[in-house]
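For the record, the sequence lines run as chains A and B. Numbers given in the working numbering equal positions in the first sequence, counted from 1, plus 636. Numbers given in the working numbering equal positions in the second sequence, counted from 1, plus 31.
By construction, these hints were calculated from the structure, which means they are not laboratory data. The beta carbon of each residue, even a glycine, is placed where N, CA and C say it ideally should be. Heads up, a few of these hints could be off.
[Claimed, not checked] Cross-link-like lysine-lysine pairs, in silico, DSBU-like; alpha carbons within 35 Å at most:
1. LYS652(A) x LYS36(B)
2. LYS214(B) x LYS708(A)
3. LYS701(A) x LYS221(B)
4. LYS719(A) x LYS190(B)
5. LYS652(A) x LYS37(B)
6. LYS739(A) x LYS37(B)
7. LYS708(A) x LYS221(B)
8. LYS701(A) x LYS183(B)
9. LYS652(A) x LYS190(B)
10. LYS36(B) x LYS661(A)
[Unchecked claim] Simulated DEER-style distance windows between Cβ atoms:
11. SER245(B) x LYS708(A): 25 to 35 Å
12. LYS661(A) x ARG86(B): 50 to 60 Å
13. LEU715(A) x ASP200(B): 40 to 50 Å
14. GLU678(A) x LYS36(B): 23 to 33 Å
15. LEU205(B) x GLY690(A): 48 to 58 Å
16. VAL35(B) x GLY704(A): 26 to 36 Å
17. GLU42(B) x LEU721(A): 31 to 41 Å
18. LEU686(A) x ASP39(B): 20 to 30 Å
19. HIS681(A) x LEU112(B): 45 to 55 Å
20. ASP179(B) x GLY704(A): 19 to 29 Å
21. LYS708(A) x VAL225(B): 17 to 27 Å
22. LEU715(A) x ASP179(B): 22 to 32 Å
[What the hints assert, rightly or not] According to the in silico footprint, chain A covers these stretches of chain B (three or more CB under 8 Å from chain A):
23. 34-44
24. 150-163
Residues per chain, in single letters:
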Amino acid sequence: MHEYPITEHIVKMSEKRCREAGGRKVVTINLVLGENSGFVPESIHMYFDLIAEGTLCEGAEITIKRIGTKLKCPSCGELFTRKPLSFACPKCGTDGEPTDTGKEFYIESIEVE
Amino acid sequence: MHDVKKVDVMEGILDENDHIAGHVKEHMEDHGILVVNEMGSPGAGKTTSLKNIIRHLKSAKPYVIEGDIESDLDTRDLRGLGIKTFQINTFGNCHLDAPMIHNMTGNMEFDEKGILFIENIGNLVCPAEFSIGEHLKMLVSTVTEGSDKPYKYPLAFEKADLILINKVDLIPYLDFDEEFFMKGVRALNKNVPVFKVSGKTGEGFAEVAAWLESRASELTDRGHHEGHVHKHSHE
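With the rest of the complex left out, here is chain B:
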């Protein structure tokens, strides 16, 4: 019989992931890149939203990492539009994690400052739990999914830094209860900006793009300023 010894650990299971996510974020900031983690259910219109947002970007250069369980259909689609796009296939894994993004961004070239959009796996549960080095979590919800989604998937709505309500052109044909939806959103996330958009008509995306560009320029202004201070501290 051997002695049993108790060892206190008190270490978060996701600490290592979060640590790596911190490195990714730092690396991207060095290149003047704002990182956006795009989340939403399968079929919410994540790729379509990206295409619409990117169309309206004025000064920020777009970069995209497409996360899919299988296939590179979306990547080929985006590349066809001349957007610098990279593919991660998880082969069964239901979310992207920080080590995957760390490996990918380590091999990418960022020749201009801009915005890196990372389209997460279509899923309203798992992606919300893993930081991947993003500055912002952008949640794409839709009127077709129904107005109860904030109540059923609270974590995704709580963690979002901006929320798109997509497919609003279909509202006349549905029983989407916007008041109930927004009551849930506000309970979980008091100040999050919410944009009503339609991938079909393109409405609303110019505003989303402008909002993101303004976040991106705040980041590079700050980076520039910090870089300046850093440089002087060595003189």
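Excised from the complex, chain A in its bound form:
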């Protein structure tokens, strides 16, 4: 549910960049969203059309690139995706440590006309 204010912010950021680039409207917004960012793509899509109405983003398409969460094994260095209820490295069994991969949440680019 916290995607609502976040989506409002995405619309505002995109409008600002569109104006700065001399555009009249935003056609596409390319987002990058890590699986461990805590934000749900379906909810962003759901709120977007509603929020974008009457703004420079009305009718724009949002593309969302998902990035999977990775842990890093402190023993063997393996980067891996964890299994439910476990942090164990699939190679050596040591518990992996959190990394920044999967926490991404940014606008990569927008397309304007």
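With chain A fixed as given, assemble chain B onto it according to the hints.
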């Protein structure tokens, strides 16, 4: 047909929030205030933990901001104990964010140095994602929620600077697997201090209060020192 132009943005959605959080932190440091963002599920005992911690504070003055979706029950409760408490109602929003705290702290008076506790909305997911200007994130987990919580809500445990395991007086009646719980905590957060507490019996909170006071005094020592250097640089 109009030309479509691609504009590189590469800007984090939360950058603005984090920027404002930085201002809040700076403002609080100017007043010698350590900011603690208290997170936990609904019913974990966040308000009860605050009351217990504050009871044990020796020199730091407590200030509280209560975040709730609705109602001011906890605020009235804390004010009844003479604790300077301010209410934020989010009316549906599942977490506090930096602009809300910025607005609130801008209107508060901090007459003495101390600790500002910000009780976040009861939720183990969203509050972990938003900085609100805190120095420390304090996570209240409980034995009644079960030992799998670090595995199911890893971000909250990863980001915590201290963790309380509350309701430990109930351990004899539950199947809480402390070893499994701590294995998850340590995988996510190797050195985080973990305190076992009970809001019912009050055990463990004196240690939490002492730990927080020592963080608060580190902050004011540093602030004092920096203030000194700053002053001299103008002479």
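* Could you tell me which of the numbered hints above are not met by this structure, giving the numbers in increasing order? => Hints that this structure does not satisfy do not exist here, as all of them hold.
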